[in-house]
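Chains as they are written, first to last, in my numbering: chain A, 1 to 558; chain B, 1 to 558.
Heads up, some of the hints might be wrong.
Since copy identity is lost for identical chains, a pair holds within one copy or between any two.
Below, a list of computed lysine-lysine pairs in the DSS-like style, where the Cα atoms sit at most 30 Å apart [what the hints assert, rightly or not]:
#1 179 <-> 39
#2 274 <-> 399
#3 48 <-> 183
#4 440 <-> 399
#5 399 <-> 435
#6 39 <-> 183
#7 183 <-> 20
#8 20 <-> 179
#9 179 <-> 48
For the record, the hints were derived by calculation from the structure and aren't laboratory data.
Protein chains: 2
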Amino acid sequence: MPADLSTVLLIERHRGTLDKALETIRTREYWSPYAEHPKAYPDAEAGKAAFEALLGHPFELDQPGTDEWTGGERSPFGVELGVRYPHPDPAVLLPAMRAAVPAWRDAGPEARAMVCLEILARINARTPEFAHAVMHTSGQAFTMAFQAGGPHAQDRGLEAVAYAYAEQVRVPETAEWTKPQGKREPIGLRKTFTAVPLGIGLVIGCNTFPTWNGYPGLFASLATGNAVLVKPHPRAVLPLALTVAVAREVLAEAGFPADLVCLAVDRPGEGLAKTLAVRPEIRVIDYTGSTAFGDWLEANARQARVFTEKAGVNSVVIDSTDDYRGMLANLAFSLSLYSGQMCTTPQNLLIPRDGISTDAGPKSYDEVVADLAAAVDGLLGDDARANALLGALVNPEVKERVETAAGIGEVALASRSVAHPDFPRAVVRTPTVIKLDGAKPDAEAAYMSECFGPVSFAVAVDSTADGLELLRRTIREKGAMTVGGYTTSPEVERWLEEVCWDERAQLSLNLTGGVYVNQTAAFSDFHGSGGNPAANAALCDGAFVANRFRTVEVRRPA
Amino acid sequence: MPADLSTVLLIERHRGTLDKALETIRTREYWSPYAEHPKAYPDAEAGKAAFEALLGHPFELDQPGTDEWTGGERSPFGVELGVRYPHPDPAVLLPAMRAAVPAWRDAGPEARAMVCLEILARINARTPEFAHAVMHTSGQAFTMAFQAGGPHAQDRGLEAVAYAYAEQVRVPETAEWTKPQGKREPIGLRKTFTAVPLGIGLVIGCNTFPTWNGYPGLFASLATGNAVLVKPHPRAVLPLALTVAVAREVLAEAGFPADLVCLAVDRPGEGLAKTLAVRPEIRVIDYTGSTAFGDWLEANARQARVFTEKAGVNSVVIDSTDDYRGMLANLAFSLSLYSGQMCTTPQNLLIPRDGISTDAGPKSYDEVVADLAAAVDGLLGDDARANALLGALVNPEVKERVETAAGIGEVALASRSVAHPDFPRAVVRTPTVIKLDGAKPDAEAAYMSECFGPVSFAVAVDSTADGLELLRRTIREKGAMTVGGYTTSPEVERWLEEVCWDERAQLSLNLTGGVYVNQTAAFSDFHGSGGNPAANAALCDGAFVANRFRTVEVRRPA
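So that you can see chain A by itself, here it is in the shape it has in the complex (with noise of 0.2 Å):
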């Protein structure tokens, strides 16, 4: 039976948009072929119906090796999702999956790479749904859920398969190679390079952003000839297996094994992606989480390439700025947006306790903490307002730590609680600053650790060099995924970027408009620097592809 999607076609409706990406991840510049507003989607209503329509079923997905079902997903909105899911028994479903993979390497890099464009058109149509799951899972307010949800982590995976096809075809498929002898025949052979993938690719999800962390591993493997094991967080299950599901169909009607592409979800507590990790079938593992659990990874996953996102420490360099307001603004809506629960939020604000100078006359201390808080309050005044940025706590344990922040040092910002007119139930916190002397050893225990979630340090420094110091040394220690930086001084720009260019981690400066130091756009920024204990990879580059196949070349005799 001939496949329903054929390379040709494929090849017809993608490979417009794959050499698109392939130029801009070279040009840098701003591109997508996703749209970002919920008003390019038409179906938003058949979307959130199609959602709602999955919550209290089992996820069918006809997996082998599936043994029992599990779920027990919990909306931090407050919604019981009551989804199920299949369970593996990994001694039968990964050798399932790995007879799959030399038809998926033997098809080569282009017809590979247009499958993958085609899962993540599919997912692009269902952006609504997704973008529901997301939101019911994260805990992220709808309008973030669809777009860092949707489109872009649709833009990440897109990324991430540009980046594996260029590699993959860095060498020929064939070559003459010709060698003169002097006066003798040269010597001829003819060489033939195969791409060919490592095995099965685990990619382990997160809490947080289960489509945005998860989309750049699960392609990059993917492209490259792997079959990817899908592992889930517990608690953000529903987009990946979404993700999974339109992976299979597409690849079982493009005439490939649907068994590439597989869901691993745990029974509660049973920590199966500990089990997973060290499987000798698993040869690539991409990781969002804890600095506990990814140093174990890579510490015991050795028959494995491991790229994690861990922990880190973001600080952002306060000076002195020729934008005052917009300086505050910048800032007040960077530690709001999604209650600051992105792994690019600033945490350590490193303020010189002498004062800052700005475009609004001198600024002490005191006074940018205290205006910093009441421009967050502004922001936030309006619950309605203050919803649709912050979303909901995602876990029990961010809330226990935003209750707690408050014995930690001075408060210059109480959060509060936000009642959510939809979600009743819906833990919803606004962010809390506290302040904190640099100069205190007692203070260096919370600043020097990820307190993740609405909490910020408003740290005093003895000066801006001071600061820079401090930065260093908590990138250095602690791994930083962003880094911001205000200054009116060239001097004070160029001693920033030597700091982050020593210690390698990426640098937002003088933001004041819409653009804001957690966020970043695939094709042209990176995330993470893969350079410092934040994480060992960066999305998205070569390194992140070039290790998930090897090159297999067979030299004959010309």
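On the provided structure of chain A, position chain B as indicated by the hints.
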């Protein structure tokens, strides 16, 4: 004081060579800028004199942190070299090297590539001197030391520079990013991207190919902005000490700190590599050597990216041939070259016990083995030619191995000693071939372990299909740097390819002329695959360079 070597001058000298290397790693055609034939180097006598002038003297490098002088190399040809080298105090040397990095980072990818090419050009000009140094540390015969230790090693260094350069310039230095905002003003960001190094790369050299196996890592780390500390094998210091000296000379002339490249030589029995490998300043490690220490590095040097080439078991599947004499001659040469002391030398010859079909009629297993033995005898019957091919045994362990090999099975070809007219103390041995029955469990312990040196096993297998299964198991469990195959059957060819794709090994088919399974050409052939237990990296590809640096982005409002 301006540098003697300006970047402008270096670009004029070397940019064309870099561009040709960049082109060739894409076409994989034949090319080398470094002449292979000794006659191309007019200063042969001066090179020998320069080598001899080094003997018995301290090798001055003017490095920081030298706390004593060490050495003790003895040529496998029996000559006492008597060179003494600086021994470092890592607590002084490493911080000095680290301090040299920012200037090198700030130079950018092109200037770094140009400096690397100048280093290679000066090494190339001194090829005759290097040839003697390689010969008298590795035991390679002169011509091989000249070619493999000279131009071929330089090729691999240049190839690494080309890959490193290409990887660093995949993103532009700057980008303007403009995102439309519907009817509102677009958002604009100005972005800069800087390739930043990880710190210090440690190159741990091997005894047999100090330059060939050392240059890829050295130049990949250096070209990506890292400092490089070279820790040679205690028995093969001189070629890498010369390399470090040239690198320091060029760096200084180009206005960079010479301490970007330093040498670290063990005290006898010190195990300095172990100490250095876990130092926090060391962020990249390139290692060639035993599996035991390679595994130790991978498990313990967790602060570094570790690239290893370890032991493997190389096989040749002999199914059938249409050039029986050519096959025998080619295999005889492969087994003899450098007395089988190459990581790429075939060890297991898998031959159906019922024999094979050839252009000279059917040949039984016994006939194939006897004819191969005769081919080796013929090749090495003349002592002068034997000495020119074999070189000397690199160390007493190899001698021990070849002497005890007769106890493993039936000797089809005995190793004999060859007297060397110029070096009476050299231990020169022809290869031995031992018959083993692949079906006998007690034989498996022998053929499933690396027996490094001039020892090969003619393993009788039940059939070609049985041989292919043994090949698969051998690669999977023990790894392989090379696989060879002889067959006239397209079906067997395809099976061989399938096994090598599945298990990620490099395959040479039906070599009967002047190309040998144990030789690879830079810019075209991959050395190893990086995807089986013999090595976690291939020379050279994107994965070998992409993670030696990170890209740091700085973004500002446009």
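Consistency of the hints with the structure:
In this homomeric assembly, residue 179 and residue 39 come within 30 Å of each other (Cα to Cα) only across copies, at 18 Å, whereas the closest approach inside a single copy is 61 Å. Taking the shortest alpha-carbon separations for residue 274 and residue 399, only the intra-copy value of 27 Å comes in at or below 30 Å, while the best inter-copy value is 46 Å. Taking CA atoms no more than 30 Å apart as the test, residue 48 paired with residue 183 passes between copies only; the shortest distance there is 29 Å, against 76 Å inside one copy. With identical chains, the CA atoms of residue 440 and residue 399 are at most 30 Å apart within one copy only, with a shortest distance of 27 Å there and 65 Å across copies.
In this assembly of identical chains, residue 399 and residue 435 lie within 30 Å of each other by CA distance solely inside one copy; the values are 20 Å within and 71 Å between copies. Taking CA atoms no more than 30 Å apart as the test, residue 39 paired with residue 183 passes between copies only; the shortest distance there is 15 Å, against 72 Å inside one copy. When the C-alpha separation of residue 183 and residue 20 is checked against a cutoff of 30 Å, the pair qualifies only between copies, where the shortest distance is 25 Å, while the shortest distance within a copy is 49 Å. Taking the shortest alpha-carbon separations for residue 20 and residue 179, only the inter-copy value of 16 Å comes in at or below 30 Å, while the best intra-copy value is 38 Å.
In the homo-oligomer, the alpha carbons of residue 179 and residue 48 lie at most 30 Å apart only across protomers (29 Å), although the nearest pairing inside one protomer, at 65 Å, exceeds that limit.
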